[in-house]
Amino acid sequence: MWGLSWELGLVRVAAGVWTMAKSKSDFNLIGKSHRKVEGRAKSTGQAVYTDDITLPGMLHGKILRSPHPHANIRSIDTSRAEALEGVRAVITGRDMPVQYGIIPWTPDEYPLCVDRVRYIGDGVAAVAAVDEDTAIRALELIEVDYEVLPAFLSPQEALEHEASDDAPYIHPARKEGWNGNITKKVLLEFGEVDEGIGSADVVVEDDYFFEGTSHTAIEPHCAIGRWEADAGVDPASDPAAGHLTVWSATQVPHYLHRELARVLDLDQARIRVLQPLVGGAFGGKSEPFDLEFCVAKLSMATGRPVKILYTREEVFYAHRGRHPFHMTYRTGANRDGKLTGVDARILLDGGAYASFGLVTTYYSGQLLPAPYDLPAYRFDSTRLYTNKPACGPKRGHGSVQPRFAFEVQLDKLAEAVDLDPFEFRRRNFLGSNTRTVNELRVTSNGFLECLESVERASDWAKRFRKLPFGRGLGVAGSCYISGTNYPIYPNEMPQSAVQIQIDRSGRVAVFSGASEIGQGCDSAVAYIAAEELGVPLEHVRVYRGDTDFTPVDLGAYSSRVTFMLGNACIDAASRLRGKVQEAVAAEWGCAADDVVLAHGMATHATASDQAMPIREAFHLAEARFGALGATGSYNTPKDVHGEYRGGTIGASPAYSFTAHVAEVDVDPDTGFVEVRKIWVAHDCGRALNPVLVEGQMEGSAYMGFGEALMEEQIFKDADHGRAGLHNAPSLLDYRIPTSLDTPELEALIVESIDPEGPYGAKEAGEGPLHPSIPAIANAIYDAIGVRMNRLPFSPPNVWREIERAREAGSLRKPAAPGESAR
Amino acid sequence: MPAETRVARLVVNGDTREVGVPEHFTLLEALRYVLGLTGSKQGCDKGDCGACTVLVDGQPILACLTPVWEAEGKEILTVEGLARDGVPHPLQDHFDRLGAAQCGFCTPGILCSAAALLADSPAPSREEIREALSGNLCRCTGYAKIYDAVEAAASELAGGADGA
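First to last, the sequence lines map onto chains A and B. Under the numbering used here, the first residue of the first sequence is numbered 711, with each subsequent residue one higher. Under the numbering used here, the first residue of the second sequence is numbered 1169, with each subsequent residue one higher.
Calculated from the structure, these hints are not laboratory results. One or more of the hints may lead you astray.
Not everything, but these chain A residues come out facing chain B in the computed CB check (under 7 Å) [as the list claims (entries may be wrong)]:
id: 1; residue: R750
id: 2; residue: K752
id: 3; residue: D762
id: 4; residue: A927
id: 5; residue: I928
id: 6; residue: E929
id: 7; residue: G990
id: 8; residue: R1022
id: 9; residue: E1408
id: 10; residue: A1438
id: 11; residue: S1440
id: 12; residue: L1455
Predicted, not measured: the structure shown is a model, and the values here were computed from it. The beta-carbon is built from N, C-alpha and C at its ideal position, and this holds for glycine as well.
Work out the full structure, taking the sequences as your base and the hints as a guide.
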């Protein structure tokens, strides 16, 4: 049905209801650039983030962290800390001995370690004191007796290890007979891979390594807990009688709400989670962290509000960033450039805890097939625990690493069959309204337009393989989800919801459960409400980030917010619009469909003398129907996924597509790479606000650039200092790109008008990151003929490959398609 | 165990304030946690990110590395003081209009650095803007929209079309 409808240019506006897709001129606000609703507050310093909040009587907390990467805790003596003047409470793991985890099947961490520490930085105790300095002094007085254990710093040694009494696995085995260092194994095969590759005219096989990277949002994690005991109840007899409020810089208030209840053994109805504005997240704030449990518990222990603000160093150790991936790809193609099979083996270095790792392991393979038509595909992925900070989701969760490897593979194959890399990609294009080899349902697909857009903008045809030695161009493509059809914990409820109220002043209040992390979701619902209800944008107020007031949205992750929240908002607003149209139609004696709400007025579609201010229209509707309010929901399709174990993972209501061209200069004498420019074309379905979409595209390309050239979340080994210690836990030493490092970025929006997205919109926040890295790698090859199979493309790593190429005599401009010896 | 405190006389956004602050406090701590001027942000507390940038006698400085006593007797300008009589500085307006602030956490520091640049160099080239903002890390935007906004503000201050 959806396939047919797409052909007819139909979009689904509600379950079972289809209409013709609107064109740009049909909208008043959608598709045009507007200010963000919280923009003024952010530019004047009025915007409130968690650490900007001070509550009366507030205490400050700090967390004591393990100096060992792997050790048993024999005992903890907190008596000297408790005796320090100004200290109000000290807690340890024994005060919250309940395991939690963002994925319901893999709870493996405690708010504070109970009997084992698993990385340098693991929390073991927490203090609340009158000020931060006192709390820091108190930490120094806590005595922890550790029994140090051998640590596993690489996934290979973790995989090969056989446990003994002196050298246990990092966790108990997840399955009977398993190595306890294994978090998850996934082996999936689609089609006849060995036959496909066996019959290929050319086969490329290579090893790739993607070093881990961290999110480094500029706002460090921060949380405040406030416990208010119920009046008239003896806390000794009923310690759970009270109400807990937690403010947190989180991107998943709903999951935090659930996990707080579980760990603290409180009824969810007694907990309120508030999300102030979040100063960047990128996946780094998408699960509960120790500080949120600690502020809650310390507040319950003291009866006073408690704040904890991570230091920048703690942010690096909290991590949950991109996993290091060790990857081997074997890919076959025919002489005419058609892929015949893809075989991938991947080792994921997970760090000390599972985090989102179960999903990451699936994503390492499940998200690769589109935008290409792979006839056969197999991936074999294993995630290992290691004694380092846990890895998790970072922008482009689990799929940025394989995309790097695969798009470099495609570049090598294109050269092997003597085709331009654009042409090679076009020949393997998946198409729209189809399924990938692993049965992901793909509807709208603007990938060809993305390719065309960057090819033209970069003047590719005239410059690829023709620039002087040292300068090069590279292309790469990608695909990403617009949310996931299945939520993290199985349930049948909507994934997103919005409530709208209209008051007699003509103002529209939108209550949104979504997480504003800078991407503009508050603005998106404001634009939609104003579009649907015909009020000026400035008459829409958005209330968000309060589990007491707003309906549940699952959070800002998986690029799900615009698609799901947008649809929920259209659902709520269109219900209200219908009531207002009906009331005005009754007044005018016309059909409801003839009443148009726009520009602060209700007007008749054809009779120009029929018009009233929107406020009067709202009054008519309130008189007819009672107080004006509506809820709207969105839930994902649950009937479109592969019928195999894991077939639901990667299933999304829509997929975005991206293509990049990068232009680089490479200095063959130093290995220094300068990225001059990145052209990024992205199919976002429809740009609800082009300025915000461009911002996501530019920010994504920038972040991928940083990972390509500079960033490494790496740890010392015993030969280079204290094993397991972060190599550079500061923004200066970790090195994220400054304004001087960042290349020129050109964002080229492609709109495929998705049949199920809000007004046709899909995601734009994560997809546009993926091709940055392989496009740069492929550009380095075009510049000097050197392949970069490992990240980052830092001077030492590039220099090493240059030296190899020099010795092999291959340091030169590669031959252009059609010029190479066949 | 309260720390030694001193009375500091600070001139912030035109207001003279006398406040008791612990001897070791930085200007950023005094602004945020004593004066309640939370617009200036702490992103690293070690001078790496620039989110704490404020102007002292017109010069952009890192408030997280400045002992509070060093700022005494000088004119301190924070993001809260950029607007005049309730009218946003053109930089603030164009940052808002052109999408130069996403999460907004680096924005106050960048606005202060940019304001100092425009005071010195009313029509900066893009290279000058990149140089002037190189001490302020932004993790959201890739800087492109920030340059657009600074250029639009410069143009408006010079009396040209603001492009609005």
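So, as I understand it, the hint says A:D762 touches chain B; can you test that by seeing if any CB pair is closer than 7 Å? holds (4 Å)
Interface restraint verdict for A:R1022 against chain B (beta-carbon cut-off 7 Å): Holds, about 4 Å.
Holds or violated: is there a CB of chain B closer than 7 Å to the CB of A:E929? holds (5 Å)
For the hint on A:L1455, does the least C-beta distance to chain B fall short of 7 Å? Nearest chain B Cβ about 5 Å off; hint holds.
So, A:A927 near chain B? Judge it on the closest CB pair being under 7 Å. Since chain B brings a Cβ to about 6 Å from A:A927, closer than 7 Å, the hint holds.
So, A:S1440 near chain B? Judge it on the closest CB pair being under 7 Å. A:S1440 check passes; min Cβ-Cβ to chain B is 6 Å, inside 7 Å.
Does the CB of A:E1408 sit less than 7 Å away from some CB of chain B? This interface hint holds because 4 Å falls under the 7 Å limit.
Interface hint status, A:G990 versus chain B (Cβ within 7 Å): A:G990 check passes; min Cβ-Cβ to chain B is 4 Å, inside 7 Å.
Was the hint right that A:I928 lines chain B, CB cutoff 7 Å? holds (4 Å)
The hint names A:R750 as touching chain B; please verify it with the least Cβ-Cβ distance against 7 Å. This hint holds: A:R750 lies near chain B, its Cβ roughly 6 Å from the closest one there, short of 7 Å.
Holds or violated: is there a CB of chain B closer than 7 Å to the CB of A:K752? holds (3 Å)
Cut-off 7 Å, beta-carbon criterion: hint that A:A1438 touches chain B: Violated: closest Cβ of chain B sits about 11 Å from A:A1438, beyond 7 Å.
Figure legend: structure checked against the earlier numbered hints; the only hint not met is number 10.
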